[in-house]
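Student: Spelled out, the chains give:
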Amino acid sequence: MENLKQELKAKIIENLNLEDFKVEDIDDNDSLFGDGLGLDSIDALELIVMLDKDYGIKISDPKKGKTIFESIQTMAQFIMDNKTK
Amino acid sequence: MNTKLYIENYCKIKNNTVTLNSNIIFEEDNAENLKSFLKSIYKHLDLKYSKFFKMDNLSKLAFLASEIILKESKINSEKENIAIVFSNNASSLETDRKHQKSIDKITDYFPSPAIFVYTLPNIGIGEISIRHQLKSENAFFVFERYNAEFHYTYENSLIQSQKANAVLSGWVNVDDDTNYEAFIYLVSQNGKIKHNQEQLNKLY
Numbered sequence: 164m165e166n167l168k169q170e171l172k173a174k175i176i177e178n179l180n181l182e183d184f185k186v187e188d189i190d191d192n193d194s195l196f197g198d199g200l201g202l203d204s205i206d207a208l209e210l211i212v213m214l215d216k217d218y219g220i221k222i223s224d225p226k227k228g229k230t231i232f233e234s235i236q237t238m239a240q241f242i243m244d245n246k247t248k
Numbered sequence: 005m006n007t008k009l010y011i012e013n014y015c016k017i018k019n020n021t022v023t024l025n026s027n028i029i030f031e032e033d034n035a036e037n038l039k040s041f042l043k044s045i046y047k048h049l050d051l052k053y054s055k056f057f058k059m060d061n062l063s064k065l066a067f068l069a070s071e072i073i074l075k076e077s078k079i080n081s082e083k084e085n086i087a088i089v090f091s092n093n094a095s096s097l098e099t100d101r102k103h104q105k106s107i108d109k110i111t112d113y114f115p116s117p118a119i120f121v122y123t124l125p126n127i128g129i130g131e132i133s134i135r136h137q138l139k140s141e142n143a144f145f146v147f148e149r150y151n152a153e154f155h156y157t158y159e160n161s162l163i164q165s166q167k168a169n170a171v172l173s174g175w176v177n178v179d180d181d182t183n184y185e186a187f188i189y190l191v192s193q194n195g196k197i198k199h200n201q202e203q204l205n206k207l208y
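Keeping their order, the protein sequence lines are chains R and X. Taken in order, the first sequence gives residues 164 to 248; the numbers are from this note's numbering. Taken in order, the second sequence gives residues 5 to 208; the numbers are from this note's numbering.
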């Protein structure tokens, strides 16, 4: 789980071009949207593609993203529970 | 009576060099690629705008040239009505290629939304408008080459017909890492260089 959280932080920084952030700047419970990392709606779509591509998880209802992508902690838990690769 | 118009400032970015009114303000001979060169310009200008890093190279190029010009201008970009008219010959081809690569194989079909949103050249105009709160006339044309006659006529018309007080205009093109070019200028009532077709061709 700890390795997965570190992996997610690195992937989010790389895939979403968050040049102002380093892995160590992101806490597990920081909000990914709003006041936290400040991600936007396009980033949310990018995260959905990332889950599909890297972990074999398809999210058919984008509304679920709000809870899944609340933080690194919630994302990692969701991946642990649902990954197919 | 027609308002007298001038080319207030002009900026060129090409061959790893940035010039403002023909003076070199930044150059980097050993840039790894266009992306890293554009990032170096961003750092050199000491900009604080994290959305920059999400843009494609075409939008970054247009954004940086516009930042340089508007910072130098006497015009308050958030109060004045500044229209934007850009043109190029590659449209959004560099980003189109990246998008195509992500959907080439049916077994590895993962189009990136963040790339897809930049598969239109006029997105860069949107980025500049957001940055400077512009709600003005804008257009992006695709021509074979920089067309001074068209640009002059369009820019002049926008101001003379009072659709805009100034026009941020020019050529911004990205084909690949080595074939890129920006020639952006501000047409307004300020400045010393007369706004006409001959001058535009000369400066380009």
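By construction, these hints were calculated from the structure, which means they are not laboratory data. Glycine included, each C-beta is placed from N, C-alpha and C at the ideal position. A few of these clues could be false.
To be verified - DSS-like cross-link-like pairs, simulated, lysine-lysine; straight-line CA separation at most 25 Å:
1. K52/X <-> K174/R
2. K216/R <-> K109/X
3. K185/R <-> K139/X
4. K185/R <-> K167/X
5. K52/X <-> K139/X
Unchecked claim - Computed far set for chain R versus chain X, every beta-carbon distance over 12 Å:
6. L167
7. N180
8. D193
9. G197
10. K229
11. T230
12. E233
13. M243
14. T247
Student: Beyond 12 Å from chain X, beta-carbon-wise, is K229/R?
Tutor: holds (17 Å)
Student: Just to be careful, I want the Cα atoms of K185/R and K167/X compared with a cutoff of 25 Å; is the pair within it?
Tutor: violated (45 Å)
Student: Taking the closest pair, is the beta carbon of T247/R still more than 12 Å from chain X?
Tutor: holds (15 Å)
Student: T230/R clear of chain X by more than 12 Å, beta carbon to beta carbon?
Tutor: holds (20 Å)
Student: Taken at face value, is the distance from the CA of K109/X to the CA of K216/R at most 25 Å?
Tutor: holds (13 Å)
Student: Test the statement that M243/R is away from the interface with chain X: the closest C-beta pair must be farther apart than 12 Å.
Tutor: Its Cβ never comes within 12 Å of chain X, the nearest being 22 Å, so this holds.
Student: A cut-off of 12 Å on Cβ-Cβ distance, and D193/R was said to be off the interface with chain X. Does that hold?
Tutor: The claim holds: D193/R sits with its nearest Cβ about 16 Å from chain X, beyond 12 Å.
Student: Just to be careful, I want the Cα atoms of K52/X and K174/R compared with a cutoff of 25 Å; is the pair within it?
Tutor: holds (23 Å)
Student: Is the claim that L167/R lies outside the interface with chain X correct, judged by CB distances over 12 Å?
Tutor: Check passes; 20 Å lies beyond 12 Å.
Student: Regarding the assertion that E233/R does not contact chain X, is the least Cβ-Cβ distance greater than 12 Å?
Tutor: Correct as stated: the minimum Cβ-Cβ distance to chain X is 20 Å, above 12 Å.
Student: Hey, does N180/R actually stay past 12 Å from chain X on C-beta?
Tutor: violated (4 Å)
Student: Holds or violated: are the alpha carbons of K185/R and K139/X at most 25 Å from each other?
Tutor: violated (35 Å)
Going down the numbered hints, you'll see the structure goes against 3, 4, 7, while the others check out.
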